[in-house]
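Sequences and hints are given; from them, build the entire structure.
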Amino acid sequence: MNIKQNLYNQCLEFIDNRLKTVQKTMQEIQESLLSETKSSAGDKHETGRAMLQLEREKAGNQLAEINKIKENFSKIDIEKFSNIIGLGTVVYTSQANYFIAISAGELKVNKDTFYAISPNTPIGQLLIGKNINDIVVFREQKFKVINID
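Here the sequence shown is numbered in this note's numbering, starting from 1 and rising by one per residue.
To be clear, the hints were calculated from the coordinates, so they are not data collected in a lab. All of these numbers come straight from a predicted model, not from anything done at the bench. Don't take each hint at face value.
Said to hold, decoys possible - Cross-link-like lysine to aspartate or glutamate pairs, in silico, DMTMM-like; alpha carbons within 20 Å at most:
(1) 130 to 140
(2) 58 to 28
(3) 20 to 31
(4) 70 to 16
(5) 20 to 55
(6) 144 to 112
(7) 20 to 65
(8) 75 to 16
(9) 130 to 149
(10) 108 to 149
(11) 24 to 13
(12) 24 to 65
(13) 20 to 57
(14) 68 to 16
(15) 68 to 57
(16) 70 to 106
(17) 130 to 77
(18) 20 to 71
(19) 80 to 149
Written out as structure tokens, the structure reads:
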């Protein structure tokens, strides 16, 4: 399996894990809401329900965000190669290695470290559109694009 495929699979796993976590949270909130209905009455009951409703809304927003990330991620064609950095590109620089996809943090392939970053991040925006040998300045540090895949 090539490096790009490996990174792609790790990002997909990252998205799926986040999705499962949020779905589990929503299920737990729903169960709590149902059990809250069967329990005590009064102000305490109303406060508990209101808190659970807020938690459910927050989890719903997280779910919507994950689905948006998943939709954007599905647009990546790892078979496509371009000399210009874009979505789905593996970037080797003199500073670090990046996979332009989603913000999933540090990923390892064999002994190499890559940072999965969204094209919307500050470093992602600087790298998009660059070519091999281009110089990028980020936080007063210069680094060179050595290779892209």
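- Ascending list of hint numbers which this structure does not respect: none
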